[in-house]
Amino acid sequence: MSALSVLSPAACAGSKSRDGKSNMRGVMFDREELPRIRESLKHPAFAHYWESSRNADLAADLRFLTVEVDTMNRVRDLARVANIAFRSAFVHVIEPSEDQRVLAELAVATALKFNRWDWILEDGVHTVGVMRGPMVGVLLSCALDWLGEDVDPKLRDGVMQRLGDEIGPASYRAVHGELGASPMPRWTMDLDSTGLTIVDVSQWPKILADTNLQIIATSGLLISASMLPDHPDATKWRELAERSLREFVAKQPEDGSFDEGSAYWGFTYNYFCLCLEFLRRFHGVDERGITDFPAMARYFLRSTMPTHETPRDTLSIGDCSNSGSVIALAWIGREFRDSTAQHLLTRPGMVTTEPTLCWGAIWFDPTVPTDFAADMKHDYTLAPGLVVSRTGWSDQDAVLCLRSGEPCNHEHADRNSLLFAAYGERLFNDPIKASYDPKAPGWLLRQTEAHTSVLIDGGGHIYHHGEEGTNSSLAHAHIVAHQVGLSWMTTTSDATEAYRLAGHPVSRVARTVVYLKPDVVIVFDAIDLVKSLPVEVRFQAHNRDGKGSVVADADGFVIKRPQANLQAVCGGGRPLTISSGKLDLPVDTGVYPYASVVASAAREHRILTVGSAHPKSKTAADLSWEHDEGGWTVSGQRDGVSFRVHLAEREGAAAPAVVCDLPSRANVG
1107 MSALSVLSPA ACAGSKSRDG KSNMRGVMFD REELPRIRES LKHPAFAHYW ESSRNADLAA
1167 DLRFLTVEVD TMNRVRDLAR VANIAFRSAF VHVIEPSEDQ RVLAELAVAT ALKFNRWDWI
1227 LEDGVHTVGV MRGPMVGVLL SCALDWLGED VDPKLRDGVM QRLGDEIGPA SYRAVHGELG
1287 ASPMPRWTMD LDSTGLTIVD VSQWPKILAD TNLQIIATSG LLISASMLPD HPDATKWREL
1347 AERSLREFVA KQPEDGSFDE GSAYWGFTYN YFCLCLEFLR RFHGVDERGI TDFPAMARYF
1407 LRSTMPTHET PRDTLSIGDC SNSGSVIALA WIGREFRDST AQHLLTRPGM VTTEPTLCWG
1467 AIWFDPTVPT DFAADMKHDY TLAPGLVVSR TGWSDQDAVL CLRSGEPCNH EHADRNSLLF
1527 AAYGERLFND PIKASYDPKA PGWLLRQTEA HTSVLIDGGG HIYHHGEEGT NSSLAHAHIV
1587 AHQVGLSWMT TTSDATEAYR LAGHPVSRVA RTVVYLKPDV VIVFDAIDLV KSLPVEVRFQ
1647 AHNRDGKGSV VADADGFVIK RPQANLQAVC GGGRPLTISS GKLDLPVDTG VYPYASVVAS
1707 AAREHRILTV GSAHPKSKTA ADLSWEHDEG GWTVSGQRDG VSFRVHLAER EGAAAPAVVC
1767 DLPSRANVG
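Take the sequence shown: its position 584, counting from 1, is numbered 1690 in the working numbering, and each next residue is one higher.
If you are wondering where the hints come from, they were derived from the structure by calculation, not from laboratory data.
One or more hints might be untrue.
[Stated by the list, open to error] Okay, derived cross-link-like pairs now, PhoX-like style, lysine-lysine, Cα gap no bigger than 20 Å in a straight line:
no.	residue 1	residue 2
1	Lys1357	Lys1312
2	Lys1722	Lys1666
3	Lys1653	Lys1666
4	Lys1653	Lys1539
[Claimed, not checked] Label pairs and their in silico Cβ distance ranges:
no.	residue 1	residue 2	range
5	Ser1308	Asp1745	46 to 52 Å
6	Gly1609	Val1173	49 to 55 Å
7	His1571	Thr1300	40 to 46 Å
8	Thr1683	Pro1769	31 to 37 Å
9	Pro1692	Val1657	20 to 26 Å
10	Gly1652	Pro1202	43 to 49 Å
11	Asp1661	Asp1690	24 to 30 Å
12	Thr1683	Arg1443	53 to 59 Å
13	Pro1692	Asp1659	26 to 32 Å
14	Pro1454	Ser1613	47 to 53 Å
Fair warning: this is a prediction, and the values are worked out from it, not measured in the lab.
Cβ atoms here follow ideal geometry from the backbone N, Cα and C, with glycine treated the same way.
Assemble the whole structure, with the sequences as input and the hints as a guide.
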C-alpha cells in the first residue's frame, strides 16, 4: 500500500480544493493562526528563540548534513538532522525563506538515509520506538506541514512511508511492551548504531513503564495514526495510545508531582500535551480532563529553587537538571487559563532556547493572567519523597530539600541528602549532569560520595553499576517524623535499609534536620553499627561556575559563594576530623569541592552540624552547641535575637524529640 493513499489532510499539505484554496488542517496549527503565532514570537519568552532560529548558522548546518553526518548515529546525529528540518521549516512558514526551505528539505532527505530511526530491536530484527524514532516522526511531520506546497512530493511520500512502516509499528512495540505485554518482549540494542552507551536492555519493557519514554513512544503512535488515518493499523495505534496516556497519569501522584523531577516532567508533558492535541485535532477526542494539569503547574513552581546565577534553578535531585522545559506550561496556561503556569512561562530567565520551543509559542495565550496561585504553601513533600521547606519563591528566598523516599528512574545514590539555597546561592549542592555512562569518570557524580550525605567506611548506600542504564535501584528511605511551625521545620529520615543492602553492618542510619527559617540548618546524623567503622558526613559546595570553595578548621567549615556563604560548626560524641576535599575526578569533568566531617571507628556515631547562611554583606549567626546526658543543645544569635534548639534522643529507632525556642514563641516538634 502506498503511504500517500492513506494520508490525512495535514500530511497532504500541498494539495488544494477545487477552488484553488488550501483546505488543510495543520499538524499543530492552522494557517489562519499564523498572525497570532507571529505575535507570540515577539514575546520576551520566545523572542530569543525566534532570533536564534532566524539567524541560525545555515552554512554549518549544510556542512553537517552533507559532510559530517553519520547516518548510523541515531542518538546524536539523527536528532540534529530532525531538529534542523523542524527549525528551518518553522522559520519558513512564519517568514518564508528559500534558504530555510532548501535546508529543511535537505534535512528531511538526510533523515530518510538513516536505515532505522531508533536503536532498540525486538527479537533482534524489529525496530522498537523507545525514543528517537517517535520524536523524529513528530518533528518531520511538522516540517512537512510547514513546508506545505513547497516540499518535494518524494520527500513527503518517504516520510509517510516511514511512519507507516516503522514509526507506527515500532512505537506500538515500545508501548505494548511497557504496558506489560506477556510474555515480555525480547529487546536488545542494535549494535550497528553508533554513539551508544551499551547496556542490557532486556528488562527495559518493565523499566521504561511509567517513565518519560513511555509518553515519547505514545506520541509516535498518535503522529502515525493522525497522519495515516486510513492505515489498517491506525485505529490500533490510537487505541493503544489512549490506553497509555490514561494508565500513565493514573499512576502519577495526585499533587501533580513527578518522581523524575521537573526537567523530566517538562520533557514528558511536552509530548503528553502534544498527544492530547493530536487526539483533539485529528480524532475528535477531548482528553483535557484526563488529569489535574493545574496541579502540575503548582508542582513545577514548588520544584523551583531560583538563584541569582540561574533563575530557572530547580530541585536538581537525581538526573533532573536546572534547564527543564516550560513548553507544556504554555498549553496548561491556555487550556485552563492557569495563572501559575503563565507566571512560570513568562518569569524572566525561565525559558531555555530548546529545539521545540516554538510549541510554546504556538500554544501561548497572552491574555492569561500571570499571578501564581495565592495558596502555595511553603512546606510540603513531593514525589519521590522530597521534604521541602522554603521562605518564598524569589531568588533571595531560601529553599531546603531533604531527599528521602522511593527509588525512581534517573535517580542517584542520594538518600538523606540535602539541597539548600539562600540569598541567591546554592550552598548545599547536588551535582547536575552526572554521566549516563558507567565507564565514564562522571559516573561518580551519581554516587553517595558526591552528595551531601553519609558515608560508612568510605562507602555509600546501595546503587547499581549502570548495567541497565540509569534506572532505579533498591534504595529506600522513610520519613519517621515531620513537623512544621510558623518559622521552623523538623524532619527525620531513616535510610538504614539502603545502607544495609550495600553490605554495611548497620542497625541505624537516620538524619534529623531542623530548619530555622530563613538561614539556620541543623543536621543531626545518628549511625549505629554492628561493628566499629569510621563514618564521614560530606557537605557539597556548588562550583560549576568555578566560584565555589570550602574552607575548614578544627571546629567547622565555611562554604563560600560569590553572594553568600554558609558557616558551620560541628560536634560529635567523640572527636571529629574536619577538612575540605574535592571529588576524585579529572579536571575536565569539573571540580567538586566539599567539606568532610569524619568520626573515627566506633559502633555508635552522633554527628551534629549547625550551619548558618548569610549574604556577603552580613555576618553569620553566632552558633554554639553542647552535649550532655539530656541530649544536644544548639544556641545562637541572629540579628541580635537569640534562639535555642534542643534535640533529645529516644529509645530504639525513634526520631529525636526536638524543641525549638524561638523569639516570641516556644515550638515543640
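Results for each hint:
1. Proximity of lysine 1357 to lysine 1312 is assessed by CA-CA distance (about 14 Å); at most 20 Å being required, the pair is judged to hold.
2. Simply put, lysine 1722 and lysine 1666 have alpha-carbon atoms about 9 Å apart, close enough for the 20 Å limit, and the pair holds.
3. Taking the CA atoms of lysine 1653 and lysine 1666, the gap is about 8 Å. The hint holds against a cut of 20 Å.
4. A C-alpha spacing of about 18 Å is found between lysine 1653 and lysine 1539, which places the hinted pair at or below 20 Å, so the restraint holds.
5. Judged by the Cβ atoms, the range 46 to 52 Å given for serine 1308 and aspartate 1745 is violated: they are separated by roughly 59 Å.
6. A hinted range of 49 to 55 Å holds for the C-beta pair glycine 1609 and valine 1173, which are about 52 Å apart.
7. With their beta carbons about 24 Å apart, histidine 1571 and threonine 1300 fall outside the hinted range of 40 to 46 Å.
8. The beta-carbon spacing between threonine 1683 and proline 1769, approximately 35 Å, falls within the hinted interval of 31 to 37 Å.
9. Distance hint check: the CB atoms of proline 1692 and valine 1657 are about 24 Å apart, consistent with the given range 20 to 26 Å.
10. At about 45 Å, the CB distance of glycine 1652 to proline 1202 agrees with the hint of 43 to 49 Å.
11. Against the hinted window of 24 to 30 Å, the Cβ-Cβ separation of aspartate 1661 and aspartate 1690 comes to about 26 Å, which satisfies the hint.
12. Between threonine 1683 and arginine 1443 the Cβ separation comes to about 58 Å, which falls inside the hinted range of 53 to 59 Å.
13. Roughly 29 Å separates the CB atoms of proline 1692 and aspartate 1659, a value that falls within the hinted 26 to 32 Å.
14. Evaluation of the 47 to 53 Å hint for proline 1454 and serine 1613 yields a pass: the beta carbon distance comes to about 50 Å.
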